[in-house]
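S.K.: Here is how the chains run, residue by residue.
Number of protein chains: 2
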Amino acid sequence: MSDNINFEISPRSFTRVLVAVDEDDSHSSIRAFNYAVTTAKRLNAPLGIVSILEVEDFNIFDTLSPEVMKQRRSQVTDDLARYVNKARSFGVKEIQAFTGEGKPADIIINDILPEFNPDLLVCGSKTKPVNERKKIFIGSQASAMAQNAPCSVIVVR
Amino acid sequence: MSDNINFEISPRSFTRVLVAVDEDDSHSSIRAFNYAVTTAKRLNAPLGIVSILEVEDFNIFDTLSPEVMKQRRSQVTDDLARYVNKARSFGVKEIQAFTGEGKPADIIINDILPEFNPDLLVCGSKTKPVNERKKIFIGSQASAMAQNAPCSVIVVR
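Chains as they are written, first to last, in the UniProt record's numbering: chain A, 1 to 157; chain B, 1 to 157.
Bear in mind the hints are in silico, worked out from the structure with no lab data behind them.
Model, not experiment: these values are computed from the prediction.
All C-beta atoms, glycine included, are put in the ideal place defined by N, C-alpha and C.
Check before you lean on any hint, since a few could be wrong.
Listed next, the stretches of chain A that the computed footprint assigns to chain B, with coverage defined by at least 3 CB atoms under 8 Å from CB atoms of chain B [as the list claims (entries may be wrong)]:
| hint | segment |
| --- | --- |
| 1 | 8-15 |
| 2 | 43-53 |
| 3 | 107-118 |
On the chain A side, residues computed to face chain B include the following (Cβ under 10 Å) [stated by the list, open to error]:
| hint | residue |
| --- | --- |
| 4 | Ile30 |
| 5 | Ser65 |
| 6 | Lys70 |
| 7 | Arg82 |
| 8 | Ala87 |
| 9 | Ser89 |
| 10 | Phe90 |
| 11 | Gln96 |
| 12 | Thr99 |
| 13 | Gly102 |
| 14 | Gly139 |
| 15 | Ala142 |
| 16 | Ser143 |
| 17 | Met145 |
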């Protein structure tokens, strides 16, 4: 027998929950969101909701068009407001919303986590092709967050 | 506003929990284990505990020595029995133990998940160098499970 597992069990829970919702994958986001609000309500924990505008998903013309950018930004903001309202109706008391632009995993890890300081990050697992060579990255952003975030990460499926 | 987030919140929980403990990283494993037993007890859910003998971690002489293999196998089995006893003492009622040999993510995804059929896989995040070129894979197995498992995955830190 090894002595290194000679420990007492300490019940383990979380105190601040951040959920990442994708602007372009509602199916995966809704699963993650359902789990996050259920958990935040049960633990009476503050809930952060973040939605990142995935700039690298755009083609070059879209990226350069101020009109398209404005429209996408507006949709992210509107969707986020609806998520916040849903969480509040469900019974979560303390809610903060965050937006950003770029690669979701990078922005969330570098900018949002230090600001909101959650001990649990909740995300869905996106399953669509994301680059022009048609290579399918299944949940690449979720996987990057699971690997690199300093806090616990749950990928909800 | 987008219509695709026009949904009702369904409270989301889990019914079968599998926790992966590393034979050679007790620190990371204990965090994951604490979370898994807390969750399984709260939900009155069956708990699976799996420990994989990481064969690729061995050098070629160790791999070829039946004595060393026997000793490592014996330690995995003993450690697993201790985890099972701890979970039982904590109040988890239904517990199953699993072992295997190879790359943890591959064995767990291909062999253990289909057998135990959890809807939540709990793992720690190992932070030591694992190959001979000294490249540090931080939580590479956890990340591989988060990306490729068909069920929800939580990486506990």
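S.K.: For every hint, state whether the structure bears it out.
M.R.: Hint-by-hint comparison with the structure:
Only residues whose beta carbon comes within less than 8 Å of a beta carbon in chain B count, and the segment 8-15 of chain A has 5; three or more means the coverage holds. For the segment 43-53 of chain A, the stated coverage by chain B is violated: 0 residues have a C-beta nearer than 8 Å to a C-beta of that chain, whereas at least 3 were required. For the segment 107-118 of chain A, the assignment as covered by chain B is violated, since 0 residues bring a beta-carbon within under 8 Å of that chain's beta-carbons and 3 are needed. A hinted interface residue such as Ile30/A counts as satisfied when its beta carbon comes closer than 10 Å to some beta carbon of chain B; here the least separation is about 5 Å, so the hint holds.
Of the supplied interface hints, the one on Ser65/A is violated, with its beta-carbon coming no nearer than about 19 Å to a beta-carbon of chain B, more than 10 Å. For the restraint placing Lys70/A at the interface with chain B, the shortest Cβ-Cβ distance is roughly 15 Å, beyond the 10 Å limit, so the hint is violated. The criterion of a C-beta within 10 Å of any C-beta in chain B is met by Arg82/A, whose closest approach is roughly 6 Å, and the hint holds. About 8 Å separates the beta-carbon of Ala87/A from the nearest beta-carbon of chain B, less than 10 Å, and the hint is met.
A cut of 10 Å between beta carbons decides the hint on Ser89/A: the least distance to chain B is about 8 Å, and the hint holds. At a threshold of 10 Å, the smallest CB-CB gap from Phe90/A to chain B is about 5 Å, leaving the interface hint in force. Given hint, Gln96/A at the interface with chain B, is violated; its Cβ is 18 Å from that chain's nearest Cβ, farther than 10 Å. The closest approach between the C-beta of Thr99/A and any C-beta of chain B is roughly 15 Å, which is over the 10 Å cut-off, so the hint fails.
Here the hint on Gly102/A is broken, as its CB sits about 21 Å from the closest CB of chain B, past 10 Å. Here the hint on Gly139/A is kept, as its CB sits about 5 Å from the closest CB of chain B, short of 10 Å. For the restraint placing Ala142/A at the interface with chain B, the shortest Cβ-Cβ distance is roughly 6 Å, inside the 10 Å limit, so the hint holds. Hint status for Ser143/A: holds, given a least beta-carbon distance of 4 Å to chain B, under 10 Å.
For Met145/A, the interface hint holds, the least distance from its beta-carbon to any beta-carbon of chain B being 8 Å, beneath 10 Å.
The structure is inconsistent with the numbered hints 2, 3, 5, 6, 11, 12 and 13, although it conforms to all the rest.
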